[in-house]
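Chemist: Here are the chains, one letter per residue:
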Amino acid sequence: MADVAYLPGLPRMLPALLPADDNSSPWRFPQYFADHFSEVMGWLWAHTWLSVVPVIAGLIIALPIGWLASRHKWAYPPMMTVSGLLYTIPSIALFVLVPPLLGLDPLSPLQVPIALTVYSVALLVRVVADGLGSVSEETLQAATAIGYTPVGRFFTVELPIAVPVITAGLRVAVVANVSIVAVAGTIGMVNLGLLFDQGFKLSTDTPYYPPIVLGLLLCVLLALVLDLLVILLGRMLTPWRKAVRS
Amino acid sequence: MIRFDHVTKRYPDGTVAVDGLTLEAPTGRITVFVGPSGCGKTTSLRMVNRMIEPTSGTITIDDRDVTSLPPHELRRTIGYVIQHAGLFPHRTVIDNVATVPFLLGTDKKQARARAAELLERVGLPAHFARRYPAQLSGGQQQRVGVARALAADPPVMLMDEPFSAVDPVVREQLQDQFLQLQEELGKTIVFVTHDIDEAIKLGDQIAVMAVGGHLAQLSSPADLLARPIDAFVAGFVGRDRGYRALGFARGAALPTTPEPTVRFGERVPPGGLEEWTLVVDDTDQPQGWLRSGPSGSPPGSPIDDAALFRGGTLATQGGSLRAALDACLSSPSGRGVVVDGDGRLEGTVHLDAVTDLIASRERAEVTGGADG
Ligand SMILES: Nc1ncnc2c1ncn2[C@@H]1O[C@H](COP(=O)(O)OP(=O)(O)OP(=O)(O)O)[C@@H](O)[C@H]1O
Ligand SMILES: [Mg+2]
Chain A
76 MADVAYLPGL PRMLPALLPA DDNSSPWRFP QYFADHFSEV MGWLWAHTWL SVVPVIAGLI
136 IALPIGWLAS RHKWAYPPMM TVSGLLYTIP SIALFVLVPP LLGLDPLSPL QVPIALTVYS
196 VALLVRVVAD GLGSVSEETL QAATAIGYTP VGRFFTVELP IAVPVITAGL RVAVVANVSI
256 VAVAGTIGMV NLGLLFDQGF KLSTDTPYYP PIVLGLLLCV LLALVLDLLV ILLGRMLTPW
316 RKAVRS
Chain B
52 MIRFDHVTKR YPDGTVAVDG LTLEAPTGRI TVFVGPSGCG KTTSLRMVNR MIEPTSGTIT
112 IDDRDVTSLP PHELRRTIGY VIQHAGLFPH RTVIDNVATV PFLLGTDKKQ ARARAAELLE
172 RVGLPAHFAR RYPAQLSGGQ QQRVGVARAL AADPPVMLMD EPFSAVDPVV REQLQDQFLQ
232 LQEELGKTIV FVTHDIDEAI KLGDQIAVMA VGGHLAQLSS PADLLARPID AFVAGFVGRD
292 RGYRALGFAR GAALPTTPEP TVRFGERVPP GGLEEWTLVV DDTDQPQGWL RSGPSGSPPG
352 SPIDDAALFR GGTLATQGGS LRAALDACLS SPSGRGVVVD GDGRLEGTVH LDAVTDLIAS
412 RERAEVTGGA DG
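Heads up: the protein sequence lines correspond to chains A and B, in order.
Numbering follows the numbering used here, with no gaps: position 112 of the first sequence is 187.
Numbering follows the numbering used here, with no gaps: position 11 of the second sequence is 62.
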């Protein structure tokens, strides 16, 4: 009880522990937000797009690759190794490598989305392959025997049944992208990462916290909201799972 | 009619799964492929709808080569049922059934109406329609599988061990219902099983296959039991084939004698009864046997479930000799209970009378066989 009693005092005590300048206190972030509202909202918006669009692009690219890996047993292990390796490339390195590799201008606004798409593909190939692999042999045979064309079977039987597994992967991909996008802010791309950049720039002798805390909060919030949206989308696409659970 | 003409399937690894198969599955009849595991039954079946392409030989349906249509179009005219039903887990039962009509571009409402009708015909209550497959038992799923195969009213049905994965009681129900359905629909059916009893029960014609993928014998169930062509078929058909063959034997009318009865729910009369007395219900349908005397029900005691011996089976007048024999053997009194087509008591028959009928039938058959 004693602990709890002193807790409310904590927010007031913390700044006291930190450098004295009142303006640089972490708790001044609402103030910072209000002062830079339209600018920060713009960054948030850009951040959202940068987190979502590459995942969608990545999914579209991962579908045929994952399909191949699920169809052909020999293709699965090497594809998983390659995609695993891709994911280990540090994001900063990938941002820098993409333009020369693709012959783009080093400051092309496309380098970040492309790099993020690469990550998303790397993550989603396995997810798609495993999701398609979760469709039972009987169901596949029945679909073929009933008279589905291979393409029809893929889109109306295999893919819908793989949705739960794919959704789980999409959640990871979207959340991971939110954090990787922030890194791109530090190389000057427009998004919430700029808040961290600002924070560092304004920290001269003493750390300047408000933009950093604000960036952190907005990133976490954005990740939570996007995660929730993916969950909801998944639920919407799989009414059959809900019925079976209850 | 489905015709296999010198059909051979050799898999890329060299396994010959089907070896020079030639046979006809007549229109409107059930042809059963039966044989030990790995003898090529599934392979033969799947060559009909081109899930597997033969290495050589041709398969025709109503004199039309199956290769003359694109596979998916061919398959939409052929119903296919497999062991674990293979339902689509993401679609409701009714949409599972309506799959082929949807594929064929039938109006959704119309397709669902037809699907609902089919569900009823395969014995699934209407409230199952909106469920998902995972909410059904194995037997119910299998019914949906049959309904789905029938949805576009295909003239041909292929069934690969459709009833193997359910327990014996459900299997028997499914088989009976299937026969009833076939009576109405008259599809051309190829049915695969490894269970000789199922083959004999369902088949109009049975193709026994041997490992290595060749046809060992093609004949009617009765002929198969009476005259297995070689030691392999004899062994496969099994030991008690003499008894099972009686299932196809319809002797002369069973000579029944009237049987004194008491009514279920009444009391044993004060004077007592014979040692074994038949108990019937209000509509004269036999319920079981009542035992009197020192170790049985004393006079005045109720004739209720506790007093009843329900072990005996019933023979139907005009039914098979096997049922008649079984009624005698299973009756505690030794007298086989015979009912008419409505299940009402007709009388009882003695074992001697049944064996006489069997003996006279066998003589007739042997002489008949010598003539033909
Ligand atoms: N894709 C394949 N590649 C190689 N051999 C195969 C293949 N499919 C089946 N076989 C072989 O062909 C033979 C016949 O197989 P099939 O599945 O037709 O048997 P079956 O009679 O249906 O057996 P079961 O009763 O066990 O289902 C078997 O020896 C099997 O091992
Ligand atoms: Mg088989």
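What the hints contain is simulated information worked out from the structure, not anything from laboratory work.
A hint or two may mislead.
Unchecked claim - Label pairs and their in silico Cβ distance ranges: (1) A/Val319 - B/Asp204: 26 to 32 Å; (2) B/Lys159 - A/Pro152: 42 to 48 Å; (3) B/Ala164 - A/Val319: 22 to 28 Å; (4) B/Asp332 - A/Ile306: 40 to 46 Å; (5) A/Ser209 - B/Gly362: 56 to 62 Å.
Only a predicted model underlies this, so the values are computations on that prediction, with no experimental measurement involved.
The beta-carbon is built from N, C-alpha and C at its ideal position, and this holds for glycine as well.
Chemist: Next, verify each hint and record whether it holds.
Modeler: Hints, one by one, checked against the model:
1. A/Val319 - B/Asp204: 26 to 32 Å: With Cβ atoms ~30 Å apart, the hint holds.
2. B/Lys159 - A/Pro152: 42 to 48 Å: holds, 43 Å
3. B/Ala164 - A/Val319: 22 to 28 Å: holds, 26 Å
4. B/Asp332 - A/Ile306: 40 to 46 Å: Violated - the Cβ-Cβ distance for B/Asp332 and A/Ile306, about 60 Å, lies outside 40 to 46 Å.
5. A/Ser209 - B/Gly362: 56 to 62 Å: violated, 49 Å
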